[in-house]
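Q: Heads up: the sequence lines are chains V and B, in that order. Note that the first sequence covers residues 1 to 257 in our numbering. Note that the second sequence covers residues 1 to 257 in our numbering.
What the hints contain is simulated information worked out from the structure, not anything from laboratory work. We put the beta carbon where it would ideally sit given N, CA and C, even for glycine. Warning: the hint list may mix true and false statements.
Computed footprint of chain B on chain V, listed as stretches where at least three residues anywhere in the stretch have a Cβ under 8 Å from a Cβ of chain B [as the list claims (entries may be wrong)]:
#, stretch
1, 73-85
2, 97-109
3, 221-228
In case you want the letters, here they are:
Number of protein chains: 2
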Amino acid sequence: MITSRDNQQLRQIHKLRRKRERDASGLFVAEGEDLVAAAEAAGWAPEILLRAGDDVEPELLDRVSALGSGSRVIGVYRQRWSEPRGAVSLYLHAIGDPGNVGTAIRAAHALCDGPVILGPGCADPYGPKAVRASMGSIFARPPARAPLAEIPGAKLALDGGAESTLAEAVAALVAGAHESMSTLRRNSRRNVDIDDAGAPVVLCVGAERDGLPAAILSAADAVARIPIAPGGPDSLNAAVAAAIGLYELGNRMAADV
Amino acid sequence: MITSRDNQQLRQIHKLRRKRERDASGLFVAEGEDLVAAAEAAGWAPEILLRAGDDVEPELLDRVSALGSGSRVIGVYRQRWSEPRGAVSLYLHAIGDPGNVGTAIRAAHALCDGPVILGPGCADPYGPKAVRASMGSIFARPPARAPLAEIPGAKLALDGGAESTLAEAVAALVAGAHESMSTLRRNSRRNVDIDDAGAPVVLCVGAERDGLPAAILSAADAVARIPIAPGGPDSLNAAVAAAIGLYELGNRMAADV
């Protein structure tokens with residue numbers, strides 16, 4: 001039973017709040033029964049596992065909690081990174097809010113087979129808020145890190161002010177032999193090679209205000225928008241937009257390819 | 001210039017962190033330039049408006065910030081409640097997380113014409129985290145409060161383990177004359193009266209684990225699920241699920257009705 005706040009494991013947990021410490025050690029913290037259970041279910045062995053009352057005095061565990069919710073169990077795990085592969089994956093560009101990154105990881109785990117691929121400027125997916133928002137999906141489907149150009153597949157960019165609606169652009173990208181080339185030409189920025197029907201699709205989502213940079217929009221095989229009602233807000237939450245895009249892609253790919 | 005922490009306006013802002021105080025006064029707080037600008041754009045006059053450096057010493061404003069982000073402006077507004085009307089609205093049941101309530105309000109503002117209707121057990125939409133997550137949509141589209149039975153329209157319940165997928169159920173609910181009655185019978189729990197084509201639709205979303213109570217599921221005109229990939233998580237974030245449902249309803253109603 002740990003009874004001193006100077007305990008080395010407690011000090012390490014506390015330090016792992018900082019991204020620099022997570023980067024240097026390759027470790028991260030998961031707080032709470034649900035996340036620790038999700039880690040175990042996905043076959044992750046903890047480097048440290050402290051249960052309040054069993055391994056450590058509860059108030060000492062509270063002191064190192066980053067979430068301030070009085071966690072009764074805290075685990076430390078080694079970060080894993082996936083390869084950017086899958087029939088459908090999600091690429092995030094400059095999504096700085098850790099809750100959005102975690103929610104996107106959970107949505108991708110539910111709605112597609114590929115990982116979330118983190119581009120430049122994204123929040124650390126292994127920070128405490130992102131891990132929490134992933135609700136354990138970070139263990140089942142660890143994220144990937146890669147420049148967009150190195151990810152195989154057709155790129156569908158979600159943008160606020162783009163030319164075709166999401167459903168049209170998704171249909172164009174995934175329809176393949178079920179659609180004529182003229183449809184592909186009309187809705188896609190480039191002509192998707194019809195021989196690539198069934199090839200991977202990467203949904204690209206940018207930050208809520210700035211959106212995707214021009215370089216990604218111009219390089220994308222199709223650019224799409226989610227229609228917003230008249231008088232509606234300027235944008236959707238980034239994780240919400242990503243989830244709608246993955247839902248549409250999933251439905252279309254199941255139906256058409 | 002306010003220079004004392006005992007200032008009555010600062011004390012009131014501080015007290016409005018508490019739901020009891022918000023309920024008693026009918027007021028709430030919005031922090032930050034973006035939210036105050038959204039209130040002004042929607043025609044809401046503040047009861048109190050304090051700008052750091054102009055009206056109050058910056059460190060005193062920081063002290064009463066509920067979000068801990070060093071807001072440079074804080075406004076106090078009077079709560080408003082909408083009537084539960086619209087071609088498509090969103091009913092939330094027992095969504096206790098204020099961030100999810102706010103994100104759902106923003107998504108509904110983007111994706112449907114009706115308000116978010118709060119059922120029992122939902123977080124206060126006028127709490128600081130919910131207001132923040134709404135990104136100003138709470139001013140453009142204030143929420144409503146009503147028991148589900150008093151809301152006009154067909155009810156579409158989103159459920160984890162339901163009989164038809166979302167796209168099918170939405171098609172059944174909104175298709176009207178474009179679909180045969182046999183389709184409606186197959187996909188809907190009840191027969192939606194075909195004369196009601198174009199009638200309001202209320203999307204019902206429950207908490208992430210418990211889902212909707214049996215009474216709502218059995219009273220719904222249709223029950224649907226968002227397909228989750230094999231090996232995926234048990235559920236989606238409630239606001240994400242609501243947004244996907246609203247997106248599907250919006251597309252179908254635009255296409256079919």
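Q: Now, for every hint given, state plainly whether the structure supports it.
A: Hint by hint, here is what the structure shows:
With a threshold of 8 Å between beta carbons, the proposed coverage of the stretch 73-85 of chain V by chain B is violated, since 0 of its residues qualify and at least three are required. With 5 residues having a Cβ less than 8 Å from any Cβ of chain B, the stretch 97-109 of chain V passes the three-residue criterion, so the hint holds. Interface restraint, the stretch 221-228 of chain V with chain B: holds (3 residues with C-beta to C-beta distance below 8 Å; minimum three).
When each numbered hint is compared with the structure, a violation occurs for hint 1 only.
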